[in-house]
Every structure is written in C-alpha cells, then in structure tokens.
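**Q** Sequence:
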Amino acid sequence: MSINQPTNIKSSILPRATTRPLMFRRPAGYHPYRPSVPLSPAGFRLGDYVPRRCFNLFQGPGFGDARSPDPSPLTSPIRGARCSGDDAPPTIRLGDLFSSRRPNPNPVPGKDALPFPHRRKTKHGPKHLSFSKNAHGSGVIPQHRRSQQLKEKRDAFRKQHGRRVARSRSGLCRLQREAETLMKPRHMNSEDRIFLEQLGNIAVDHQMEDGLEEWRKRMARAAQETDQRRNEHEARDAEAAKLWEVKKDEVLEDKRGVGEDEKKEAEFRRLEEEAIRADMERQRAHEAAERMLREEQERLLRKTLARKALEEERQRQEEQERRLREERERQRREEITHRLQEETRQLRAELERMRQEAREHQQREEQARKLREEVERLRREAHERYLRDERERLAREEQERQARSRAEEAHRTTMEEQIRQHFVMYEAKWNELRTNNSIPAIEVREMPWPVLAIVSSADQITYQDVRAFLFHPQRPGVEGKSARDKVKVEMLRFHPDKFNTRIVPKIQQAQQGTAQAIAGAVARILTTIMNEEAAQK
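In full-length UniProt numbering, the protein residues as written are 1 to 537.
Errors might be hidden in some of the hints.
To be verified - DSBU-like cross-link-like pairs, simulated, lysine-lysine; straight-line CA separation at most 35 Å: (1) 506 x 488; (2) 242 x 263; (3) 498 x 481; (4) 303 x 217; (5) 429 x 481; (6) 498 x 486; (7) 264 x 247; (8) 303 x 429; (9) 486 x 429; (10) 506 x 481; (11) 247 x 151; (12) 217 x 159; (13) 498 x 488; (14) 151 x 242; (15) 248 x 263; (16) 498 x 429; (17) 429 x 488; (18) 153 x 217; (19) 264 x 242; (20) 486 x 506; (21) 151 x 217; (22) 264 x 248; (23) 247 x 263.
Just so you know, these hints were derived from the structure itself, not from any lab.
Could you build the full structure based on these sequences and the hints that come with them?
**A** The following block contains the structure:
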C-alpha cells in the first residue's frame with residue numbers, strides 16, 4: 001500500500017460508522033470556513049517537522065553549521081511559513097474545540113441568538129436596517145470574511161509580483177539567447193562583447209536580487225513578529241493543555257466505545273502527515289536541485305562567454321600584430337629599393353660624366369690636369385684631416401684611460417679602507433661582547449660574523465666567504481700568526497657551548513634561534529678549514 005494514496009488508506013482502515021467520536025464532531029457555532037492547511041486533532045496547525053537550515057543574511061560560509069533560533073513547538077516564524085496563512089492567529093476558538101459539556105443536537109435559540117440589525121443601502125434609496133446577515137449589500141462583514149478577503153488580496157498581490165518577476169527573468173533570458181544567436185563572434189567588436197558581458201551580469205544580478213529581497217522580507221517579518229508569535233503560541237499551548245486536562249475525563253468514556261476507531265483514525269492521520277512531509281521533502285529536494293542546476297548553468301555560461309571573449313581578443317591582437325609586421329616589412333623594402341635606385345642613378349651619372357670627360361680628354365687636358373691637382377689637394381687635405389682626427393682621438397682615449405685608472409685606484413683605495421674598517425669593527429664588536437655584560441639586546445644582522453657582508457640567515461654563510469675573511473691579506477692584528485692559529489681563535493669564539501651561554505642571551509629573543517643556526521654553520525665551516533690545514537701539514 002502506497003503512502004501517496006491517502007483516500008485508499010482511509011477507506012481501508014476506517015469502517016463506516018453512524019457516529020463519530022466527540023472530539024471530531026462539529027460543536028455548536030462551528031464555522032463552515034476551514035483553512036487550507038493540515039490541522040491536528042486539537043485544531044492546531046501541523047508544524048514542519050523536517051529540519052531545515054535557517055537563512056541568515058549575516059551568516060557567512062564559515063557559519064554553515066550555526067544553530068537557528070529555538071522554534072515554537074508548532075511552527076517557527078524564523079523558519080518561514082509553509083503556506084501563506086501558516087503564521088496567522090488561530091481561526092478556531094479553543095472553547096469550541098474543548099467545550100466542557102456535550103453539544104445539544106437540537107439547540108434552542110436564546111435571546112442572544114437573535115440576529116443583530118445591520119444597515120443596508122438600497123440602489124435608489126437611503127440606508128435602512130436589515131436583520132439578515134446574508135442580505136444583498138449588507139454593510140457588516142464577518143471577521144472570517146474580512147480575513148479571507150485580506151488573504152485573497154495578499155495572495156493576489158504576491159502572485160502578480162511573482163508573475164512580474166518571472167516575466168522580467170524570461171525576458172532577460174530570451175534577450176540573452178537572441179543576442180548569442182544573432183551576434184556572431186567573428187563579426188563582434190569590443191562594444192558588442194561588453195554588451196554581452198553586461199547582459200549576463202544583469203541576468204545574474206536579477207537572480208541574486210530577487211531571491212535576496214525575498215529572504216530579507218522574511219527576516220524582517222520574523223524579527224518583528226518572533227516574540228509576539230512565541231508568546232501567542234505559549235499562551236495558546238498553555239490554554240490548550242488546561243482544557244485538554246478538563247476534557248480528558250469526559251472523553252475517557254467515549255474512548256472505551258470508539259477506541260478502535262480512534263486508533264485507525266490516528267493511524268490514518270499519521271500516514272497522511274508522513275505523506276505530506278514526504279511530498280514537502282521531495283519538493284524541497286527538487287527545488288534545491290533546480291537551483292543548483294541553474295547556478296551551474298549560469299557559471300558555465302559566464303565561463304564560456306569569458307573564454308570566447310579572450311579567444312576573440314587574442315585573435316584580434318594577433319591579426320593587428322601581423323598587419324603591423326607586414327606594414328613595417330613593406331616600408332623597409334621600399335626604403336631599400338629607394339636607396340638602391342638613388343645609388344644606381346648616382347653611379348650612372350658618374351659613369352656618364354667620366355665617359356664625357358674621356359671623350360673630351362684632348363680638348364680639356366688642361367682642365368683635367370687642374371682637376372687632378374685639385375683632387376690631389378683635396379686628398380691631401382682629407383689625409384691631413386684624418387691624421388689630425390686620429391691624433392685627437394688617441395689623445396682623448398689616453399685622457400679617458402688615465403681618468404678610469406685614477407677612478408679605479410680611488411675605488412680600490414676606498415674598498416681597502418672599508419675592508420680594513422670592517423676588520424677593525426669586527427674585533428671591536430667581539431671585545432665589546434666579551435667584556436660588556438650590560439649591553440642591550442642586539443639584532444642578528446649586527447653580530448660580528450666572519451664574512452665581509454651583513455648576515456641575517458644561515459644560508460648566507462658559505463665556505464668561500466669564511467675562508468676569504470680568515471686569510472685576507474689586509475686583515476690587521478694577525479701578522480705572524482699561522483693559519484691554524486687564526487682558525488683556532490675563531491673556533492673558540494663560535495664554539496657552541498660558549499656561544500650559546502655567553503653571546504646568545506645578548507641577542508634579541510625572537511632572533512636567538514637564527515643566531516644559533518648561523519653560529520652552528522660557522523663552526524662547521526671552521527672545523528672543515530682546520531682539517532684542511534692539518535692535512536696540508
């Protein structure tokens with residue numbers, strides 16, 4: 001038997017009975033209006049027992065497992081209404097559900113049951129009294145009809161707003177599809193691509209703004225009505241519990257006769273509630289799947305559009321670069337052709353001139369002689385000018401060489417002085433560390449390390465730098481000492497036990513580990529140098 005067929009379950013479980021239990025009878029004054037939401041046997045709305053996550057605008061991705069506010073035993077205004085009227089006040093009075101006496105099957109109308117006179121306005125006349133609640137044009141609207149009208153207006157407004165949102169969403173999607181169909185990538189320019197990108201962003205923003213606005217409205221309504229709803233639910237539950245205790249004794253007698261019917265009715269209600277919850281769970285799962293599918297489609301669409309735009313931009317840049325290369329190559333060829341033509345023209349003109357001179361050699365011998373003399377003079381002047389320029393160039397180069405030599409000598413002298421000062425400062429720092437116990441904490445880079453550079457980590461200590469420092473020819477104070485003596489002095493300074501107990505406490509606490517690592521590297525290098533010197537002897 002399927003739980004999706006409540007009618008068959010009811011017909012198979014409940015027998016046909018002439019009388020119904022007392023709690024399922026319609027008491028006197030029971031209004032024919034029934035809400036469209038499932039009710040419990042006591043007349044309360046059934047709560048949504050399926051746990052759902054509480055939406056919170058201030059809840060980021062790192063707070064996904066945060067607890068929601070404690071809901072009411074029946075429904076939660078924080079969680080949102082399942083239907084449009086779920087969080088409305090109860091429409092059935094508890095006194096009608098838990099009457100202290102059995103209803104009279106044949107009630108006699110009393111004095112209070114007389115109809116209240118109502119004013120009614122006729123079509124062509126003034127208002128006059130009418131004793132019929134159902135009279136045409138009555139000016140009195142019952143409470144349940146007023147509530148129903150407000151509910152219908154609210155539902156109509158929400159449906160109209162939903163239709164507007166759906167129309168705008170479908171219009172955006174249709175416009176985006178038409179743009180992608182009509183605007184081909186090969187014929188698009190930068191403005192068309194910007195238009196497509198903005199159109200996709202508008203569609204995504206519309207989706208985000210629509211859903212976010214709905215959740216903001218729910219959160220605002222929940223924040224305003226949470227305390228009031230909780231108090232109403234607690235008061236109603238307390239009153240229901242009191243009336244239920246009073247009613248329990250009266251129902252015991254009826255339960256003896258109709259116990260089996262109540263069990264079947266309870267089983268039917270349980271199955272019906274399970275079917276309703278299963279349908280709601282399937283609907284929520286379907287909505288979540290659709291939402292994830294829409295988000296994935298939007299992400300893929302944005303990714304595809306971005307990839308297309310990048311590919312088109314790359315092709316456009318390649319085409320532009322190719323055109324620039326072709327234009328530069330064409331200009332270069334034109335320049336070479338023009339230069340060759342000009343040189344050819346000059347050579348031809350010179351050849352023609354020489355031929356003309358050869359033909360007129362006899363007539364212009366004197367002129368040729370004078371021309372040769374002039375050419376010789378010009379050649380001699382050019383040679384002299386060349387020799388003069390060459391002498392000037394050599395003199396200028398000699399001056400530049402002497403200037404460079406003087407600069408190099410000054411730089412070498414400066415470097416030697418800096419190295420000497422470094423050695424002097426090295427020894428002075430060690431004397432200060434050895435004798436002064438009240439020195440303030442120093443940094444690692446201020447420590448005297450056996451290298452000619454500033455050291456801040458153990459990786460900057462190398463074998464070549466330490467050896468060059470120890471055996472530097474300009475190092476003062478070590479004249480006459482052997483290599484072993486020089487290395488032995490440094491090994492005593494950087495011995496791990498002495499260095500850790502005497503020097504490390506004078507270094508800043510945050511850099512003491514770095515200082516120990518550098519000292520360890522120096523000690524290992526000094527040991528290697530000592531072994532090499534011993535092996536050479």
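**Q** Of the numbered hints stated previously, which ones are contradicted by the structure, given in increasing order?
**A** 8
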